[in-house]
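Asker: The residues making up each chain are set out below.
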Amino acid sequence: MTQEDIKNLILEIIEDIDDEADFAGLDPDQPLRDQLDLDSMDFLDIVMELRKRHKLQIPEEDYPQLATLNSCVAYLLPLLKNA
Amino acid sequence: MKVPLLVIGGGLSGLAAAIRAARFTPDVLLVEKHSRLGGLNSYFYRNKILFETGLHAITNYAEPDNKKAPLNRLLRQLKLPRKELTFCQQLQSEIVFRDCQSLLFSNDFELFRTEINTKFPKAVDHFHRLLQFLHTFDPFLPAPFRSTKKFLAEMIPDPLLIEMMLCPLMYYGSSHEQDMDLSQFAIMFRAIFQEGMFRPRGTMKDFIELIDTHYLNLGGTRRLCCGVKNIIVQQNRAMGVELESGEIIECNHIVSTIGHAETFRLIAGHRVPEEKLPRLGFIESIFHVKEPSPSPLPADRTIIFFNDGHRFSYASPVDFVDFSSGVICFPANFRGLPAKSMREIRSTHLANGSKWQNLAASPAEYTMQKQAAAQLSVQLLENMIGSFWSNIVYVDTFTPVTIERYTSKMGGAIYGSPNKIKDGNIGFSNLFLAGTDQGFLGIIGSMLSGVSIVNQHILPKL
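Line order of the protein sequences matches chains A and B. What the first sequence shows, in our numbering, is residues 4 to 86, in sequence order. What the second sequence shows, in our numbering, is residues 8 to 469, in sequence order.
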């Protein structure tokens with residue numbers, strides 16, 4: 004997966020959680036949660052969807068690395084390079 | 008047979024827990040002892056007419072765009088599209104302390120605020136301070152029991168206003184006599200006064216079927232008429248269950264929604280936790296009334312919470328029923344409901360669970376007592392809403408005995424044990440408690456309970 008693929012994957016998962024999520028003006032370096040009005044329960048869905056779709060086991064201590072769109076890409080790129 | 012997750016109890020918290028897990032691992036099994044799903048919020052038929060068991064109104068109303076509201080968070084977590092549900096909001100409800108004062112409220116909080124401004128002008132600033140406090144208070148942080156009565160007494164110098172505010176909050180969500188935990192108060196205040204009440208446009212049967220279908224579509228399995236005989240435990244780990252049929256089901260995790268003591272009753276060699284405080288029982292009557300009745304029934308009240316006189320007592324009564332307070336529900340008085348040929352009125356009072364239990368041994372006396380209770384309830388209601396006795400075509404009454412028979416809640420206590428286990432941890436590594444005894448009450452609350460216990464304890468380990 005390329006950086007772009009991973010970005011799209013994350014946005015697709017979020018859209019799946021909240022079909023009214025508004026990505027216009029989303030700052031990739033700011034926390035997704037604040038910008039999209041997501042809470043910790045929604046956030047868990049991102050982790051669970053990654054596990055379901057790509058068999059990724061993300062340990063709880065790594066959750067903070069999924070805070071922004073860019074940090075998601077940085078964290079997931081090595082894990083999904085063969086996906 | 009072995010499953011990753013077994014959910015005990017097919018009430019709304021169990022269904023929510025099962026759906027939440029099935030979204031990520033389809034092989035979830037839910038077992039329900041009764042022949043129907045829904046638990047306390049189920050339905051039955053009499054004379055081919057469908058009756059709902061527990062529902063008066065669902066609290067926590069929120070508009071679809073309010074993403075952080077519990078209702079919308081819940082629907083997202085279950086992946087139930089809001090569009091598939093049609094909700095009807097309450098018209099308005101009222102707290103009536105007879106010969107004393109009354110307060111209207113609706114899903115527009117301004118109404119309640121105006122009522123307090125007008126009727127308790129001296130308490131306006133204090134009420135405002137309470138709202139400020141609630142705005143910053145986090146009721147979900149783990150904290151020991153803190154007395155709401157004591158807290159309110161220090162904040163609001165008007166005991167009548169305090170009791171009037173507490174009356175609906177206690178009746179719709181306190182398992183505790185005469186007081187409630189401050190966190191529970193904050194949750195209920197928001198759920199009832201600030202968010203408000205609604206119901207689905209269809210029946211509870213439609214609602215449960217929608218949820219059940221959703222669960223089955225996710226790949227989950229459920230069995231009805233499937234009681235658990237015992238939970239097989241080795242040290243602090245649950246290995247599986249033995250069903251009443253003798254079948255053994257192994258599992259990696261269990262979520263039990265049947266209650267704290269009720270769960271321990273199924274574990275051999277473990278003592279059922281002792282409860283130091285009494286459980287609260289309720290009696291509810293449903294009246295079907297032919298219209299027009301001698302005096303027009305209220306068309307613009309959804310729920311009336313009432314108390315006779317000044318002091319409000321929320322406690323297990325000495326007698327069979329405490330008629331000095333109660334709740335009247337008009338299930339037709341929600342905005343946008345389809346018209347029905349018959350008007351329904353429901354009344355609820357506090358009842359003494361063990362007195363009813365003891366009487367149940369003599370069926371004739373039990374029936375007589377039940378009829379007498381319904382009759383006394385009607386008399387009381389008529390003082391408030393006008394006469395309808397002569398137009399009643401059907402009456403059904405549930406006592407704590409009825410509730411225990413159909414839901415297996417000890418003592419027929421719909422809000423369960425007075426002690427809640429907020430993190431669901433009852434001392435096992437893979438068996439957790441959700442639902443009533445976890446502490447989130449009401450339909451939205453109990454469903455969020457199922458979801459959050461699965462999020463916290465099951466999903467990270469699946």
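Among the clues, some could well be false.
As the list claims (entries may be wrong) - A few chain B residues that face chain A, going by a derived Cβ cut-off under 8 Å, partial list only:
no. : residue
1   : 31
2   : 74
3   : 80
4   : 82
5   : 83
6   : 125
7   : 128
8   : 464
Stated by the list, open to error - BS3-like, lysine-lysine: derived pairs with alpha carbons at most 27 Å apart:
no. : chain 1 : residue 1 : chain 2 : residue 2
9   : A       : 55        : B       : 55
10  : B       : 157       : B       : 429
11  : B       : 90        : A       : 55
12  : B       : 40        : B       : 236
13  : A       : 55        : B       : 157
14  : B       : 212       : B       : 55
15  : B       : 236       : A       : 84
16  : B       : 90        : B       : 236
17  : A       : 10        : B       : 9
18  : B       : 9         : A       : 55
19  : A       : 58        : B       : 9
20  : B       : 55        : B       : 157
21  : B       : 468       : A       : 55
22  : A       : 10        : B       : 74
23  : A       : 55        : A       : 84
24  : B       : 75        : A       : 10
25  : B       : 86        : A       : 55
26  : B       : 86        : A       : 58
27  : B       : 212       : B       : 40
28  : A       : 58        : B       : 468
29  : B       : 468       : B       : 156
FYI, nobody ran anything at the bench for these hints, they're computed from the structure. Note that the structure is a prediction, hence the values are computed from the model and not measured. Quick reminder that beta carbons are idealized off the backbone N, C-alpha and C, glycines included.
Asker: Of the hints stated earlier, which fail here?
Answerer: 4, 6, 7, 8, 9, 13, 15, 16, 17, 20 and 29
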